[in-house]
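Novice: Chain by chain, the residues:
There are 2 protein chains.
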Amino acid sequence: MIGRAAQLGADLVVLPELVTSGYVFTDADEARSHAESATGPTVSLFAELSAEHQIMIIGGWCERADADRLYNSAAVLDRGELLANYRKTHLWGREKLIFTPGDEAPPVINTRLGSIGVLVCYDLEFPELVGEVARRGAQLIVAPSNWPAGVPVPAGERPAEVIKAQAAAAVNRIAIAVADRCGLERDVPWIGGSLICGTDGYLLAGPAAGEPALLWADVDLAAAQDKGLGPHNDAFADRRPELYR
Amino acid sequence: MIGRAAQLGADLVVLPELVTSGYVFTDADEARSHAESATGPTVSLFAELSAEHQIMIIGGWCERADADRLYNSAAVLDRGELLANYRKTHLWGREKLIFTPGDEAPPVINTRLGSIGVLVCYDLEFPELVGEVARRGAQLIVAPSNWPAGVPVPAGERPAEVIKAQAAAAVNRIAIAVADRCGLERDVPWIGGSLICGTDGYLLAGPAAGEPALLWADVDLAAAQDKGLGPHNDAFADRRPELYR
Numbered sequence: 005m006i007g008r009a010a011q012l013g014a015d016l017v018v019l020p021e022l023v024t025s026g027y028v029f030t031d032a033d034e035a036r037s038h039a040e041s042a043t044g045p046t047v048s049l050f051a052e053l054s055a056e057h058q059i060m061i062i063g064g065w066c067e068r069a070d071a072d073r074l075y076n077s078a079a080v081l082d083r084g085e086l087l088a089n090y091r092k093t094h095l096w097g098r099e100k101l102i103f104t105p106g107d108e109a110p111p112v113i114n115t116r117l118g119s120i121g122v123l124v125c126y127d128l129e130f131p132e133l134v135g136e137v138a139r140r141g142a143q144l145i146v147a148p149s150n151w152p153a154g155v156p157v158p159a160g161e162r163p164a165e166v167i168k169a170q171a172a173a174a175v176n177r178i179a180i181a182v183a184d185r186c187g188l189e190r191d192v193p194w195i196g197g198s199l200i201c202g203t204d205g206y207l208l209a210g211p212a213a214g215e216p217a218l219l220w221a222d223v224d225l226a227a228a229q230d231k232g233l234g235p236h237n238d239a240f241a242d243r244r245p246e247l248y249r
Numbered sequence: 005m006i007g008r009a010a011q012l013g014a015d016l017v018v019l020p021e022l023v024t025s026g027y028v029f030t031d032a033d034e035a036r037s038h039a040e041s042a043t044g045p046t047v048s049l050f051a052e053l054s055a056e057h058q059i060m061i062i063g064g065w066c067e068r069a070d071a072d073r074l075y076n077s078a079a080v081l082d083r084g085e086l087l088a089n090y091r092k093t094h095l096w097g098r099e100k101l102i103f104t105p106g107d108e109a110p111p112v113i114n115t116r117l118g119s120i121g122v123l124v125c126y127d128l129e130f131p132e133l134v135g136e137v138a139r140r141g142a143q144l145i146v147a148p149s150n151w152p153a154g155v156p157v158p159a160g161e162r163p164a165e166v167i168k169a170q171a172a173a174a175v176n177r178i179a180i181a182v183a184d185r186c187g188l189e190r191d192v193p194w195i196g197g198s199l200i201c202g203t204d205g206y207l208l209a210g211p212a213a214g215e216p217a218l219l220w221a222d223v224d225l226a227a228a229q230d231k232g233l234g235p236h237n238d239a240f241a242d243r244r245p246e247l248y249r
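Going down the list, the sequences are from chains E and V. Read in the working numbering, the first sequence has 19 at position 15, and its numbers run on one by one without any break. Read in the working numbering, the second sequence has 67 at position 63, and its numbers run on one by one without any break.
Treat the hints with care, as some may be off.
Copies of the same chain look alike in the list, so a pair counts if it works inside one copy or between any two.
[Stated by the list, open to error] Distance condition first, Cα-Cα at most 20 Å in a straight line; then the derived EDC-like pairs of lysine to aspartate or glutamate: (1) Lys231 x Glu132; (2) Lys100 x Asp242; (3) Lys100 x Glu246; (4) Lys100 x Asp238; (5) Lys100 x Asp70; (6) Lys231 x Asp204.
Read the hints as simulated data drawn from the structure, not as lab findings.
Looking at chain E on its own, in the form it has when it is part of the complex (with noise of 0.2 Å):
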């Protein structure tokens, strides 16, 4: 796939969130059995391709950082080089009984093709951190992401997540990439709802339909330099921080 996405000129492939593990672990001792460092080999196949096809790749993996902490990790790379690591801040479901949450904000990476924020999944439905990703300068939120079909979604509707993530985009003019997981693992469905959205909050490609997808977009990120919204307003000058309380 990532092959593929590069041959269609991709400069920048996003992948699903803990996309080598699997994500609907026993306990943590599945999950255990299942991680890796930064030089194991997950991070090193994405080193690799990312090396091959001379692209960014950002994807989920299951992060060993000692003998009792995991973390639900997404690694950034350029062209072999690993740019950033970043660990998921708000754990969802019984990634609560696995993982450790990470502690630190979100990386905002200067790269090569823009300025890029990561985050996991939930993460992207706290509007107070895209805010603050979106305010220290990303024009791109990429969301490595697994997203369960939970709350029966209304006929005719998009679920709540791409709704959410639509909106986060509109607010702060940035764009997002989420790649979702799709099928069913164990007795999880998944949404499968993988998406890029432009500054405007409308969908460049995507929601995919609950199956494998590659999907791909030209993304104006020149677009999320500017917060203007017409004479008179600006999405980031107009915020009135003092009544946030």
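On the provided structure of chain E, position chain V as indicated by the hints.
Specialist: Frame of chain E; chain V shown alone:
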């Protein structure tokens, strides 16, 4: 329209922003000529109708505070009594040339129907503000609005304003009701996207299709008391404000 809503069993009627004055003022002088005090005809009419029908009414009006200051306000009336008045804090477009921005956070009012927060239009696009109001206990946020039709909406998509409202409801597990202006006023086309959204972020009514409309829905305000997201998560308790610098 208010009488018809009451006949249908409405407990609360929401009206658009600046509903009686119109919105597209040539300048501050023209706005001033339409501005009123809280004892003026608009709020008096809201009071009278809310008493007559034994309902709540929340609607936008053009407030004259003194010779210099005009506010873009929303009044909250219940059965003839003025419970609160909110002065819009985030001004849009040429409003900045006409109105003084309010300096007080939006009210959260304990009413006989439940706890209701009041924003006006563009306020709703600041997730930190919506979150703050929700965390002060609002089960329902009401937003008299005038959404100008700006950025073209891609075919088959909902306007980004609607998506932002849905996401604001979903991330905070609150209901949101927006009454929007429709049609054309002077040179300004309005979205006419009124909506009522439930705590999951899915619409209970609307978006209106750009025509005059009376939307109604039963809104489960008790659902907004529960911020739980399955056995391990809580939309409020999972926040990590120390990371939202």
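Novice: Are the CA atoms of Lys231 and Glu132 at most 20 Å apart within a copy, between copies, both, or neither?
Specialist: Both: 17 Å inside a copy, 17 Å across copies.
Novice: At most 20 Å between C-alpha atoms: does Lys231 with Asp204 qualify within a copy, between copies, both, or neither?
Specialist: within (11 Å within a copy, 29 Å between copies)
Novice: 20 Å Cα cut-off: does Lys100 pair with Asp70 within a copy, between copies, both or neither?
Specialist: Answer is within; shortest intra-copy Cα gap is 17 Å, inter-copy 55 Å.
Novice: With identical chains treated as interchangeable, where does the CA-CA distance between Lys100 and Asp242 reach 20 Å or less: within a copy, between copies, both, or neither?
Specialist: between (37 Å within a copy, 11 Å between copies)
Novice: Pop the pair Lys100 and Glu246 into one bin, within, between, both or neither, using alpha-carbon distances up to 20 Å.
Specialist: between (33 Å within a copy, 19 Å between copies)
Novice: Classify it for me, Lys100 with Asp238: is the Cα-Cα distance of at most 20 Å met within a copy, between copies, both or neither?
Specialist: between (38 Å within a copy, 12 Å between copies)
This entry satisfies every hint, going by the numbered hints stated previously.
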